[in-house]
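Trainee: Chain by chain, the residues run as shown.
2 protein chains.
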Amino acid sequence: MARPNRATKPNTIDAVAEAAGVSTMTVSRVMRGKDNVSDRTRDRVLETARKLGYIHNRLASSLASSRSEQIAVIIPSLRNSVFPEVLAGITDTLDGTGFQAVIGVTDYDLERERDLVVSMMSWRPAGMIITNSTHHEEVDRILTAANFPIVEVMELTGSPIDMCVGLDHFAAGRTMAQHLIGRGYRRFGYLGTDHETDRAAATRFAGFEKSLSENDRSIEAVLTVKEPSGIGLGRNNMRSLLAMSSDLDVVYFSNDAVAAGAMMYCMAEGIAVPGDIALASFSGLEIAGAMPTPITTVSSPRYNMGTTSADLILARVEGRATKTITEAKFELSIGAST
Amino acid sequence: MARPNRATKPNTIDAVAEAAGVSTMTVSRVMRGKDNVSDRTRDRVLETARKLGYIHNRLASSLASSRSEQIAVIIPSLRNSVFPEVLAGITDTLDGTGFQAVIGVTDYDLERERDLVVSMMSWRPAGMIITNSTHHEEVDRILTAANFPIVEVMELTGSPIDMCVGLDHFAAGRTMAQHLIGRGYRRFGYLGTDHETDRAAATRFAGFEKSLSENDRSIEAVLTVKEPSGIGLGRNNMRSLLAMSSDLDVVYFSNDAVAAGAMMYCMAEGIAVPGDIALASFSGLEIAGAMPTPITTVSSPRYNMGTTSADLILARVEGRATKTITEAKFELSIGAST
DNA sequence: GTGAAAGCGCTAACAC
DNA sequence: GTGTTAGCGCTTTCAC
Numbered sequence: 001m002a003r004p005n006r007a008t009k010p011n012t013i014d015a016v017a018e019a020a021g022v023s024t025m026t027v028s029r030v031m032r033g034k035d036n037v038s039d040r041t042r043d044r045v046l047e048t049a050r051k052l053g054y055i056h057n058r059l060a061s062s063l064a065s066s067r068s069e070q071i072a073v074i075i076p077s078l079r080n081s082v083f084p085e086v087l088a089g090i091t092d093t094l095d096g097t098g099f100q101a102v103i104g105v106t107d108y109d110l111e112r113e114r115d116l117v118v119s120m121m122s123w124r125p126a127g128m129i130i131t132n133s134t135h136h137e138e139v140d141r142i143l144t145a146a147n148f149p150i151v152e153v154m155e156l157t158g159s160p161i162d163m164c165v166g167l168d169h170f171a172a173g174r175t176m177a178q179h180l181i182g183r184g185y186r187r188f189g190y191l192g193t194d195h196e197t198d199r200a201a202a203t204r205f206a207g208f209e210k211s212l213s214e215n216d217r218s219i220e221a222v223l224t225v226k227e228p229s230g231i232g233l234g235r236n237n238m239r240s241l242l243a244m245s246s247d248l249d250v251v252y253f254s255n256d257a258v259a260a261g262a263m264m265y266c267m268a269e270g271i272a273v274p275g276d277i278a279l280a281s282f283s284g285l286e287i288a289g290a291m292p293t294p295i296t297t298v299s300s301p302r303y304n305m306g307t308t309s310a311d312l313i314l315a316r317v318e319g320r321a322t323k324t325i326t327e328a329k330f331e332l333s334i335g336a337s338t
Numbered sequence: 001m002a003r004p005n006r007a008t009k010p011n012t013i014d015a016v017a018e019a020a021g022v023s024t025m026t027v028s029r030v031m032r033g034k035d036n037v038s039d040r041t042r043d044r045v046l047e048t049a050r051k052l053g054y055i056h057n058r059l060a061s062s063l064a065s066s067r068s069e070q071i072a073v074i075i076p077s078l079r080n081s082v083f084p085e086v087l088a089g090i091t092d093t094l095d096g097t098g099f100q101a102v103i104g105v106t107d108y109d110l111e112r113e114r115d116l117v118v119s120m121m122s123w124r125p126a127g128m129i130i131t132n133s134t135h136h137e138e139v140d141r142i143l144t145a146a147n148f149p150i151v152e153v154m155e156l157t158g159s160p161i162d163m164c165v166g167l168d169h170f171a172a173g174r175t176m177a178q179h180l181i182g183r184g185y186r187r188f189g190y191l192g193t194d195h196e197t198d199r200a201a202a203t204r205f206a207g208f209e210k211s212l213s214e215n216d217r218s219i220e221a222v223l224t225v226k227e228p229s230g231i232g233l234g235r236n237n238m239r240s241l242l243a244m245s246s247d248l249d250v251v252y253f254s255n256d257a258v259a260a261g262a263m264m265y266c267m268a269e270g271i272a273v274p275g276d277i278a279l280a281s282f283s284g285l286e287i288a289g290a291m292p293t294p295i296t297t298v299s300s301p302r303y304n305m306g307t308t309s310a311d312l313i314l315a316r317v318e319g320r321a322t323k324t325i326t327e328a329k330f331e332l333s334i335g336a337s338t
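Same order as they appear, the protein sequences are chains X and D. According to the working numbering, the residues represented by the first sequence are 1 to 338, in order. According to the working numbering, the residues represented by the second sequence are 1 to 338, in order.
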């Protein structure tokens with residue numbers, strides 16, 4: 001840009017400074033809400049800026065101060081309502097702080113996650129919130145070396161990159177198994193999403209299975225389907241699961257959306273729940289409780305995990321020490337489906 | 001901290017340039033994928049950058065080139081699955097282009113929308129996608145003066161700020177009214193979200209009502225509820241609506257989530273659909289089709305509106321001319337609930 | 001194909 | 001309280 005800079009450019013603090021008859025620095029202070037400016041000067045600057053339609057340039061600001069106000073958020077999907085709910089917790093918490101969430105969606109693809117992390121880092125974010133705790137190895141390497149706060153959210157892990165806000169999914173699976181065993185169910189089935197992509201569901205399944213085996217029970221029919229998690233998955237695959245074993249008395253699902261779909265299949269087919277078969281799940285989505293026969297599930301505090309993650313990032317940005325590992329608590333919600 | 005002894009800062013193109021034995025400019029060209037660099041030089045630079053763990057600084061890049069790769073996206077809510085779906089269309093389209101979505105959530109608050117727009121603009125985005133077509137007056141003013149492409153998505157409007165990708169919600173309401181009239185229904189009820197906040201629903205309602213009145217019919221019971229749109233709204237308020245008029249034979253809902261909740265209420269109460277009462281709605285969510293009695297609805301191409309919006313922005317950024325107004329087509333999906 | 005110089009618009013650090 | 005001086009890390013322009 002070897003251009004002579006004669007006339008002051010519009011939409012810069014220089015233009016505002018000139019029009020208000022103060023120095024660039026004074027405008028800069030006003031724009032950033034610093035208090036070491038007299039009220040008279042501040043009002044004049046603000047008024048001038050408004051008249052000129054000036055909008056502060058955070059690109060230049062961040063570069064000069066090496067301080068950004070963007071928080072990178074990486075989630076696997078927007079179609080599974082669980083993640084938008086976490087995101088809502090994050091954006092609600094960030095609201096009014098001057099920080100903004102920049103979101104990236106991996107579609108459960110670790111390569112894509114790696115690319116996104118690199119791409120996000122090129123904006124020099126103030127922090128990062130990343131879903132789940134299994135990453136591309138390069139991501140682990142890059143983030144371990146990064147110099148901003150990082151929260152891994154959803155799954156509890158003992159060895160986070162930096163901080164972790166998550167649920168013990170293994171325990172969630174166990175809890176449901178124990179509930180079902182206590183109810184006297186003996187013939188178990190499982191229907192869910194693909195365990196390669198949905199690691200948290202896989203962990204719940206492992207906890208569920210472990211608890212069964214400790215009680216001399218096992219799962220007779222397991223069906224995991226490589227299609228997006230949702231009502232459709234349950235609605236369309238329940239028939240196949242039931243065909244795998246003739247006398248299941250209870251089915252555990254990877255999450256409430258799948259369970260709700262299966263429940264609809266049962267209603268449509270005249271299969272009584274829990275009379276003919278009981279259904280149990282995980283999530284605590286609105287739909288689980290709204291069904292004519294509310295579904296027994298383990299509720300996870302999705303929104304709260306979002307707010308907690310954002311709070312931890314903010315605390316760290318402001319120099320406050322924060323807890324490294326925060327365990328989110330789940331809750332067994334006993335419906336009428338078991 | 002292992003730091004190089006030289007004056008050159010780590011993690012800058014200067015550091016890479018020095019290590020690779022080329023000039024800053026050459027590294028810059030390589031990082032941006034310019035082709036006027038010899039293959040040998042390019043490989044050497046890339047290898048050096050990789051070894052140094054260098055990550056390009058887009059803050060500095062955008063400032064120097066006054067060219068950003070962020071697309072601001074402003075939506076009312078993350079809890080109504082309609083918006084995450086639009087967002088999914090946007091992020092999927094942006095994927096691989098180098099552009100990223102920066103999202104802001106207004107919570108249906110116009111003041112908050114104004115603040116968000118200003119905040120977003122301070123990042124000098126390459127474009128903006130904003131939901132709905134009714135804005136804070138200041139937003140209209142600011143965006144009209146803005147020098148980047150803007151898409152207003154969801155509602156069709158004849159006078160967009162810049163571009164528009166939307167549905168004719170009035171026509172969607174009419175279409176459903178005509179279907180119901182054709183089916184012979186005579187006593188209409190309506191249950192939905194607050195019309196002050198959900199403008200699109202209000203427009204559908206207006207179209208619905210207009211069509212009824214043109215056919216000498218009217219709505220006997222209208223209940224709009226100031227709570228977040230969702231299954232719960234329908235589940236919890238259907239009883240009240242039915243109590244308002246003793247012999248409704250059909251109810252129209254503001255969207256499928258509400259309709260699904262009402263359907264669950266009916267199932268729980270043993271009210272036959274469509275025997276005792278018919279239900280009709282708008283959205284085309286998965287849940288509407290998955291119910292034991294699929295709900296008659298008008299499907300809107302949410303995901304496609306997202307992809308189209310992003311495509312328009314990208315086209316404009318690349319200097320291609322684009323259509324200003326794009327009408328998205330809806331489709332009547334006749335279920336078994338009418 | 002490559003490099004040197006001059007900014008992009010702002011803020012840190014210090015002076016007054 | 002307010003102004004001055006140097007950059008932040010990159011890209012533009014133009015020279016070779």
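No lab work stands behind these hints, which were simulated from the structure alone. Keep in mind that a hint or two might mislead.
The list cannot tell twin chains apart, which means a pair is met if one copy fits it or any two copies do.
[Unchecked claim] Think about it this way: if two alpha-carbon atoms lie no more than 20 Å apart in a straight line, the pair counts; the simulated EDC-like pairs of lysine to aspartate or glutamate are: (1) Lys226 x Glu286; (2) Lys9 x Glu47; (3) Lys9 x Glu138; (4) Lys51 x Asp35; (5) Lys34 x Glu269; (6) Lys323 x Glu138; (7) Lys9 x Asp109; (8) Lys51 x Glu137; (9) Lys329 x Asp109; (10) Lys34 x Glu111; (11) Lys329 x Glu318; (12) Lys51 x Asp115; (13) Lys323 x Asp247; (14) Lys323 x Glu286; (15) Lys51 x Glu138; (16) Lys329 x Glu137; (17) Lys323 x Asp168; (18) Lys210 x Asp168; (19) Lys323 x Glu227.
Trainee: All the hints need checking, so say for each whether the structure fits it.
Mentor: Consistency of the hints with the structure:
For a Cα distance limit of 20 Å, the shortest separation of Lys226 from Glu286 across copies, 18 Å, qualifies, whereas the shortest one inside one copy, 24 Å, does not. In the homo-oligomer, the alpha carbons of Lys9 and Glu47 lie at most 20 Å apart inside one protomer (19 Å), although the nearest pairing across protomers, at 40 Å, exceeds that limit. When the C-alpha separation of Lys9 and Glu138 is checked against a cutoff of 20 Å, the pair qualifies neither within a copy, at 43 Å, nor between copies, at 23 Å. Taking the closest pair of Cα atoms, Lys51 and Asp35 never come within 20 Å of each other, the shortest separation being 22 Å inside a single copy and 44 Å across copies.
In this assembly of identical chains, Lys34 and Glu269 lie within 20 Å of each other by CA distance neither inside one copy nor across copies; the values are 67 Å within and 61 Å between. In this homomeric assembly, Lys323 and Glu138 never come within 20 Å of each other (Cα to Cα): the closest approach is 25 Å inside a single copy and 42 Å across copies. For the homomeric pair Lys9 and Asp109, neither the shortest alpha-carbon distance inside one copy (45 Å) nor that between copies (34 Å) is at most 20 Å. Taking the shortest Cα distances, Lys51 and Glu137 sit within 20 Å of each other only across copies (16 Å), while inside one copy they are farther apart (52 Å).
In this assembly of identical chains, the alpha carbons of Lys329 and Asp109 never lie at most 20 Å apart, being 28 Å within a copy and 32 Å across copies at closest. Proximity of Lys34 and Glu111 under a CA criterion of 20 Å is satisfied in neither setting, with 43 Å inside one chain copy and 24 Å between copies. Proximity of Lys329 and Glu318 under a CA criterion of 20 Å is satisfied in neither setting, with 27 Å inside one chain copy and 48 Å between copies. Within a single copy, Lys51 and Asp115 get their C-alpha atoms only as close as 42 Å, which misses the 20 Å cut-off; across copies the closest is 17 Å, which meets it.
Taking the shortest alpha-carbon separations for Lys323 and Asp247, neither the intra-copy value of 48 Å nor the inter-copy value of 59 Å comes in at or below 20 Å. In this assembly of identical chains, Lys323 and Glu286 lie within 20 Å of each other by CA distance neither inside one copy nor across copies; the values are 31 Å within and 40 Å between. For a Cα distance limit of 20 Å, the shortest separation of Lys51 from Glu138 across copies, 13 Å, qualifies, whereas the shortest one inside one copy, 49 Å, does not. For the identical chains of this complex, Lys329 and Glu137 are neighbours neither inside a copy (29 Å) nor across copies (44 Å), given an alpha-carbon limit of 20 Å.
In this homomeric assembly, Lys323 and Asp168 come within 20 Å of each other (Cα to Cα) only inside a single copy, at 17 Å, whereas the closest approach across copies is 50 Å. When the C-alpha separation of Lys210 and Asp168 is checked against a cutoff of 20 Å, the pair qualifies only within one copy, where the shortest distance is 14 Å, while the shortest distance between copies is 54 Å. Taking the shortest Cα distances, Lys323 and Glu227 never come within 20 Å of each other, neither inside one copy (37 Å) nor across copies (35 Å).
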